[in-house]
Each structure stands twice: as C-alpha cells, then as structure tokens.
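Given only the sequences and the hints, what does the whole structure look like? Please build it.
Number of protein chains: 2
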Amino acid sequence: MYLRSMELTKVRRTHVLVGALATLVWINVAKDYRDYPVKTNVDHDPCCEFPCENQGVCISLKDKSYICDCTNTEHYGTNCSTPTWIGWVRKGLQPDPATLHAWLTQDLWVWRVVNAVPFLSDYAMKYIYLSRSDLIDSPVRFESDHSYTTLDAYFNETYYARTLPPTPRHCPTPMGVVGPKEYPDVDEVIQKVFLRKTFIPGPFKTNLLFQYYAQHFTHQFFRTNYTKGPQFTKGNGGVDASNIYGLTESHRRHIRLFKDGKLKYREVNGEHFPPLLKDVEGLDMEYPPGLPIPEESKHALGHPFYALLPGLFAYSTIWLREHNRVCDVLKEEHPHWDDERLYHTAKLIITGEIIKITVENYVQHLSQYKVNVKFRPHVVHNTRFQFHNRINVEFDHLYHWHQLVPDGITINDTYYDLMDMAFSVKPIFTHGLDTFIQALNSNRAGKMGPHNHGVVNVPVLKRMLLNSRALRFQGINSYRKRFKMSPFKSFEELTGDQELADVLRGLYGHIDAVEFYVGLFTEHDGPSVMSLTVVNMGGPWSVKGLIANPICSPQYWKPSTFGGEKGFEIVNTASLEKLFCRNMKSKCQNIDFVVPDSSL
Amino acid sequence: MYLRSMELTKVRRTHVLVGALATLVWINVAKDYRDYPVKTNVDHDPCCEFPCENQGVCISLKDKSYICDCTNTEHYGTNCSTPTWIGWVRKGLQPDPATLHAWLTQDLWVWRVVNAVPFLSDYAMKYIYLSRSDLIDSPVRFESDHSYTTLDAYFNETYYARTLPPTPRHCPTPMGVVGPKEYPDVDEVIQKVFLRKTFIPGPFKTNLLFQYYAQHFTHQFFRTNYTKGPQFTKGNGGVDASNIYGLTESHRRHIRLFKDGKLKYREVNGEHFPPLLKDVEGLDMEYPPGLPIPEESKHALGHPFYALLPGLFAYSTIWLREHNRVCDVLKEEHPHWDDERLYHTAKLIITGEIIKITVENYVQHLSQYKVNVKFRPHVVHNTRFQFHNRINVEFDHLYHWHQLVPDGITINDTYYDLMDMAFSVKPIFTHGLDTFIQALNSNRAGKMGPHNHGVVNVPVLKRMLLNSRALRFQGINSYRKRFKMSPFKSFEELTGDQELADVLRGLYGHIDAVEFYVGLFTEHDGPSVMSLTVVNMGGPWSVKGLIANPICSPQYWKPSTFGGEKGFEIVNTASLEKLFCRNMKSKCQNIDFVVPDSSL
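Sequence order for the protein chains is A and B.
Under this note's numbering, the first residue of the first sequence carries the number 1, and numbering increases by one thereafter.
Under this note's numbering, the first residue of the second sequence carries the number 1, and numbering increases by one thereafter.
In short, the hints are calculated from the structure, not lab data.
Wrong hints could be hidden among the right ones.
As the list claims (entries may be wrong) - Straight-line alpha carbon distances no greater than 16 Å define the calculated EDC-like cross-link-like pairs of lysine to aspartate or glutamate that follow:
(1) Lys62/A - Glu332/B
(2) Lys64/A - Glu333/B
(3) Lys192/B - Asp592/B
(4) Lys558/B - Asp338/A
(5) Lys481/B - Glu249/B
(6) Lys331/A - Asp63/B
(7) Lys64/A - Asp338/B
(8) Lys566/B - Asp69/A
(9) Lys234/B - Glu332/A
(10) Lys484/B - Glu74/B
(11) Lys62/B - Asp328/A
(12) Lys62/B - Glu332/A
(13) Lys62/B - Glu565/A
(14) Lys228/A - Glu249/B
(15) Lys462/B - Asp185/B
(16) Lys62/A - Glu157/B
(17) Lys234/A - Glu157/B
(18) Lys331/B - Glu249/B
(19) Lys259/A - Asp339/A
(20) Lys62/B - Glu333/A
(21) Lys62/B - Glu157/A
(22) Lys587/A - Glu360/A
(23) Lys481/B - Asp497/B
(24) Lys558/A - Glu565/B
(25) Lys205/B - Asp592/B
(26) Lys62/A - Asp45/B
(27) Lys64/A - Glu332/B
(28) Lys374/A - Glu360/A
(29) Lys64/B - Asp338/A
(30) Lys91/A - Asp134/A
Stated by the list, open to error - One-sided excerpt, in silico: chain A residues whose CB lies under 7 Å from chain B:
(31) Lys62
(32) Thr71
(33) Asn72
(34) Thr78
(35) Asn79
(36) Leu151
(37) Phe155
(38) Thr158
(39) Lys234
(40) Lys347
Ideal Cβ placement from N, Cα and C applies to all residues, glycine included.
Pasting the structure below:
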C-alpha cells in the first residue's frame, strides 16, 4: 500500500522490471518449514526466559525447573553469571567492545607505531583474528530447525549454521517471554523504520565501487536455497571464488576456455569481456523470464545472476581479465604446465587476491580502524584457530545492505535511474567499461541506517524480515550478549533518536523484543560505516570466514601452492587499485572505496 | 583362472551368490576418470623422481630444473633435507616410530604408572592425539584428479581426500621413475601374494566380534560413489552414525518411529529387531536383484547393505536397542521433551558411545598398546587440533581387512560355510541373537598378512587394487616417508621372509615400486594386530577422524549436549561389554574382542 502512495509513477514506469525482480527474490512465502508434526507437550519452559548468561546452556528438567550448563564458559552459578578466577582475570584484561572500538577508530599515536613495526602489526593481527574467531562456533552447533545442539547442524552442510538457536516454538512470544505475542506487521515496520524518503549519503564518502564489491564478494557464499527453505544454502562455507568460476563443476567447465588455463572471453574493441551466453552452449543463467533482453545481449558469467546488474558485470569482467592475466604470468614461469594446472593454480592466486583485497581495502574502509588491517594468515598457524568455516544465516541477514544503493547514478553527466540500470549491462557498452568504473568510483553510496531503503529493494527486505521470523531469530539484545556486548537498556540507548525510539517502542513494547535486523540498522551513528553492533558481529563472522579459508592454513600458505614465488607475490601485493588498474584499458584514476575529493 | 583350479566345487555351489556379490562390488571397471583431455607437453619432469624430502613440495621450472618449497617443513636445502635448528631439536626429541611402537606394546612399568595417574594419562593422550593428527592435512590439499594442491580438494567434499597426491600422468612409470612401466598383472599379484591356501588365525586371539565391529563402524564413512568414480564418496567426513540412522534425511525418517525419539522396531519373542522392509514403505535397501531372499525376510536398517551379512545385522540390532534404551533414559529425565529432541539427543549420545568404544576397546585391541588408550577429548581443547575431518581414500584402501574373515563359523556346534552366511540373516533367527553373538565372540578371525585372503572376497580385493592404480597411488615407501617412517631398503626388510621377498622382487623389481596395499600387508609380523606401517598410518587417520568429531570440540563436549549429566555419563562410561550386555536377552558372557580362553 505504501508503495502505491509514495512512488506510484516510478513503480508504474518500471512495473515490468519490478515484476521480474519479484520473480527473482520473492520465490518463497514464509511458512513453517518443518514438515513433520511438532509435538509440544510443554506448558511452561523456564528456558524460554533465556536465563543462562555467558553462553551457558539452558536445560529444562521434569519439575519445570532448569539447569544452566556452564562448561567452558569460565563462569559458574545458577545462571553462569559468576566468573571463575581465570574468567575474571580475562574479563578484566579484555576491554569493553565499545571502548575498544572507539580506540581503534581514533587516530592514536599507538596505531602509527603498530602500523610501522611489522612484529607489532603481526601481534595486533593475531589478537584480532583470534579474539574475533573465538566468538564463532567452529564446529557449528546450531541450525534453524532445532533450538538445541544437533549433529545435523554439523554434518548437514546444506544447512546454514546458526550462531544462536531459534527461540523454541512452544515459548509464549517469538522472543521467548518478552514482547508482543505476534510480530508487528512487517509492512508497517518497513514503512516506519526503513523506507527512504530522500537519499541519505554515507558519512564516510563510501562510493558505489564499495557497494558492488560487497555484493559481488558476498554472493559467492550467500546462496540461500529457496527450494528447500531459508535455512538452507546451495553454497560452500566461504571464499571459494565460485562467484567468478561457477559453483558447480558443470558451470565451471562451461566458462573455461581449456587453453592456457584461461576463462572464455569475448573481444570488443580490443577489450576482453565475458562471453555471450549464446556462445556457451548449455549454460543456464538466471535471466528472469519475460525480460526485454535480446538473446544476443545475454552473457555467460561465473555467477548466474551477475549479468543482471552492470556493477556486478563490471566486477566480473575485471576478475575475468585478472584470471587470464595471472594465467599468462604462470605460463611464462611454467611453459610446460597443462591447461588444467594453470587454471587451478590461477584460481588459488585469485582466491588469495580476493581475501587480501577484502581484508586490506574493504574491511579497512568498512571498519574505519586507524590500525592497518593486514592479511597475515601465518600469525594464527599453530594456534587454536580452526581452518574450517560455515556460513551463519544471521550473517546473511546482517549483510542486507540495500541502504547503500542510491536512487540513481550519474555516468558522464547522464543520470540513470536505478531501475534503468537493472537487468541490462547496456550502460557499460554505451559509455565504455572504464568510464562506468570511474562512475562507480565517483558516485556516493547511501548511509547505513534507518529511513534509507530505496523502494525498489523493499521486496528483498520484506522477504528477509519474514524469513528471520520463520526462522525464529532471537532479538538484537540476545545477539549483543552472544557477542559480548552489553544489551541495550532502552530504545533511546539503541537509537540515540527520540522519534525513532518511540516508533520502535510502539512496535515492540520491550527493548529485548526488537528484532535482529531492525536493531542492527536503527542503532545510533558510530565511527564506522556500519553501526558498532554490525561491526562487532559482522567482524567475527567475516574474519573467521576469511582467515579460515584453506589457503591460509599452514599446508597451503606457501609459494608452491600459488605456482612459486611469483604467484605468491601476486597474492601478497594485491590491492583494489592494482586489480582495476591492471585490467582497465585507459589510465585508471583514484580507484578506492571512497569518492575522490574532486568529485565531492 | 586361479579361482577355477583352486576352489571349483565351492564356487559352483555358490555361483548364484557370488554372482550377486559381484553385482554389488564389481560395478566399475578401472578407467581414466578424467573425461576431459589431458595435454602433457612434458618430456622430462624432475618432480617425477619425488626429490623433495620431509614433505617439501616439488615445483618444476621451465629449464627442466625443479625447486623444493620447504616452507613449514622445518628443513631447508635443495631437497629440504637439512633440518633447521628447531627441526633438529624436535627430531631429536621424537623417538623413531618403530622404537616408540616397540615401547608402547611392551609391558613396561612406566605404562602402569601412566595408566594409574589421571594427569599423566591425559598428558599421554594429548601427545598421542596431537602427534598423530599433525600427520594429517587439515584442511586437505589433495584429491585424486590432480597431482598438486587444488581448492577443489577442500571445497568439493564429494571427493575423498588424498594424503599423497597421485603420481603425475606424464611420469615414466606408475611410481614416478622406478619400477616397471606397467603394473604387474593384478590376478598374478592376488594369487601369489594374497590368496589363502589354508586359514591362518590371528596371533592375538582376535574374534569375529572385532571383525564385524570394524566393518560396521567403518562403512559409515567409507562410502565410495562408484557412479562418479573411485575418487568420490557419498559419505560425510567421519563418525556421523549414519550406519545406524541412515545417510540421508529421507532414509532417517523412514526408520524413525516418531514416538519418544525411538527407531522403528519389530518384536520377535519379546526381543526387538529392526523392522521388516515391507513395513517401511518407500525405503530402498541394497538387496541385489535375483537373490533368493523372500520379501518377508528383508529388513530395513540404517545402512542399505547391513542386512546382507548376519554379523552386521547383529550389530545393527544391538545399536537399535541401545538407541531406544537411551531414549527411555532421556524421557525419564525430560518427560516434556518431544520426539524430535529425544531422537537428536539420543543420537548425540550414541555417537559419543561409538567413539568411546572405538577408542578404548577397538583401537586398544588393534594396537596392542600397553598404555591404556583413553577417550579424553578435552585434552586437545585450545590446542592447534583441528575439529574437522575428511576421509582419505588411502585410509579406505588400508581398511580392506578381508584377511580377518574366516572360511566359516561355528554356531552351537553347527558349522556354516561363509557363503551360507551371506545375504541371509537366518542363522540369527535360527539360533537366537544371543547365541549368534556368543559365536562371534568365540570364533577366531584371520591373521592380517599375506596368503590369507579367502577366495570369496577376491573380487573386492581386485577392485580395490585396480582402483589404487586408476588413482595412481604412490608406492609404499612414499607413504612410509610421508608418515615419518624410514623407507624399506629391501624386499627382505619389508617381508622378513625370503620366499615372499623373491615373489615381490619378481613382480615389482624395485622396493620403491611396491604398491601401497601390497606393501601394507606383506610386512613382517609385529607386536600389533596389524603391521607397524598399518598402525602408524591408520592410527593418524583414525585418531584424527575420531577426535575431530564435532562432539569432541569445546562447544559440544559438555553435559547439556547429551541431555544433561546422565546422558554425558552414558557416553563417558560406555564400553563394548555394556553395549552388548545391556541389550542382550540372556546373561552375556565374556564380551570382548578376543576369543575367551575357554573357547580356544
């Protein structure tokens, strides 16, 4: 309804495309995904109150009492709330997350020293990698179909993992015992909290190169399997480069050239682009039916939907060129290697580049840390760090960042409405790839916060919110505690804004009842691109995923894995700027995740 | 041919059954599993000589030279053969595997002290768990389709892992540069090395309860996918209890009772047995077509072929009863828990019992260590131990232990030929389960060594040998080095038997060319049930697989995971004897992995 009143003209103009978008994203209706009977012979379960602190595990007993299992929590007592001696010391040594965050984002002299002295920098990285990954269950315990530990959570890797188990179905309210018995109307939540009135640009000059990096990078591992349900994934546990090479062996073979290790490409005016779909027989790309895209404009990429948005297509093209460039470097070193070995070794190098750039350019900008975030996997060799990763469904939800998306983009003085850019890569061929990339570089992304969700992306937001309800996500404060942050005490503390606090109070009644995603993106401004909570929850999932990649492990992290010293060097010196500048035709300028000052 | 001449009568008598067996095991013909062209533009590759020592990685360069990457090997030099200072110290502190093995299997006073003092025992276990698992790549680097590190080895979990990569296809001989250009005739190898003339019983009084434990236990994770090829598996990475509950969710649901967490059962004379297949609609068990088994005698079990051998059926029945018994215990503690929670929690307890019994009863007997092998997962918490596992295809091959299988079994004074026991569980219902189990307990298994392979199992052996060739396994000495054992210098050192040494010399020419499996089971006698090499290679794969199970990790290993203290106690006090004695109707006697003295 709010759609009609607010954006009628725009919606009419693009109704074909929105319909197609809806086909893509609106496949599932939230439902009870357990298709066998759930017998709840519980009239009162004390564990619905989540009484155990510090990750103690609640077990209900026959006389309607409960017990908290405090094993390995470094706490004891009825609710695991009293620290053991060692737990008390450790807590005393660990700074409060908010304080630490404030330090890290301030330009202190200590960071300049750390940045300048390699062994201090390594030590800092070791601390960051370990302290963050310690917050992530590895191996995972929970999935979305059970509110307790199951073996299936681990062995059935088609499940997304869960960091906190679902609220049990027999509890009085969706959040356990607090808040309303029924969730507030999702459309009302969207309208009152998320919907954009006017575009609010991000305060850190974040550009669209960042926005599309986020999207291009994350969809290699966020691959919800809607056929099975929102608790399932089709993807692997992390950075597998499947967004470039394809998720299945069949897909991968379709786009390989089978010569010199390279990927198939099409030459246009002396530049290499992904091949046309019609030239790759038998590959299925996710072009929605009924779209006005002629067959001869469809492309074959590693990810089935990356040809639908020009920003993703641009990244795909750059990575394709980089892969083929790396193959040339390798062939020069090893002229006797066959196509197969060049391909697989280049893929290892590309994976290393992805992680290097993600850590040192992307996470650095995202966090706004003043200490340099470095990619130094060897620092966690021979530590407790676990080199295996699974994707948590909460991480997927947290990563819904459509607030970044502006209403339109200016390319060479031509303004394109967002919907003019969807489902077509025409602007790239109209203006040229280099011009398009410079436009991504100089157009600002939106601010991550309330009231900044463009109407076009509302279906995605709505689906995600409904899924979090179907999957019975615990509230934002449960997650704050899980990640060792103190829970918000009031709506005002959460939002720092009386008006928004009142809105949330009207919707949820109790601060502990605020939904996960709603809490994440109504938090008051902080010193990072995202809120403190997003950084302190996304950080652990992200660091764990990046550093747990097999290439970071002791047996992989050596020159021979990457074809020798030269390949290892490519990984160890990779940067966003090099990635683009080496693969653009013209002279590249100011490639970064922020808009250059000249464009502001 | 040798089959005909040697065992004509027996083969004729059972030709229907052997035909059916062949259907089961002889599905694939060894072939080149790479279905895309392999371009080998290599006329000389120095890496075919495997020049790098101490797990250094060989990389060939353009001028036909090579370089060894010694990173993380604690060695340096052209061939990574010179230890660094720390490597030298560590080598000095680590006893030679053969010496250590000799100590561990001797009844020294030091073991009595270790066994008696818990903290020393824990320390010994920590050393064993870590030193063994350090030998296993985790994350894995290799699969069978490439002779170098690939990302696919890790991310494509349908691959079995490889501990050593395949010999490159362009090398002069199957073993690199040594040995014959073509493998010796497989039938000749089988006839001269493996085929049993007369049954040789095992020297450690090992019984058939042990043999069937091995088979029942290992087929939860050895699940070669012959449709795809011998390098692929349908299974998970370890002890997932899928041999009891089913590998797929569909299978699992078919055999669940959906009441009180239990599995379906059939009552016969007051005893519980697995249900009949006709009572479990839609479940597919692997009964070979054409077998004379009436529909009303077919059973529905967790593993699709466990109803084909009465020994496996007996174990399946006992575990079914144990699961349902545990459900009763849990329901008593938590009467309000629903079927789903009882089922999943019982499954966690059963998994714990499996690991406990495997470590403390099974591995203890297998190794013949005089130090008590204990299940103490907490000792590797907060160490470098990696709680994730993959099955190595070499482990599957090593675990072909058909030498254990006797020619027949005596039950209550009735002698059954082996083939009379295949494809039918009739003996169990004729004699009663308890009598059958006592027979398994009092019949001796065969010796693990040359010339002790019953003719009936030859097809399995032949398929495995051909697969190891198709997968281009490196030779036994490469594996000895990989597991830090010194390579055999001569055929005589390997076999300790001149006649067998001469046979092997005739087949392979060079000791370094002896095939993996052939080397494993032609080794001279040692102080364990298996040869030193089998124990020192199987041990690491086994320990890693058992202790890397998720239930052993810090977040799982606590009472609440197992439903509380009572469930945890079941895991921590499990034993082979309890497993049987709690689930047999009559008074159980002498349950163990050795034949009781009264039966000898």
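Checking each numbered hint in turn, tell me which of them this model violates, lowest number first. 3, 4, 5, 9, 16, 18, 21, 22, 23, 24, 26, 34, 35, 38, 39
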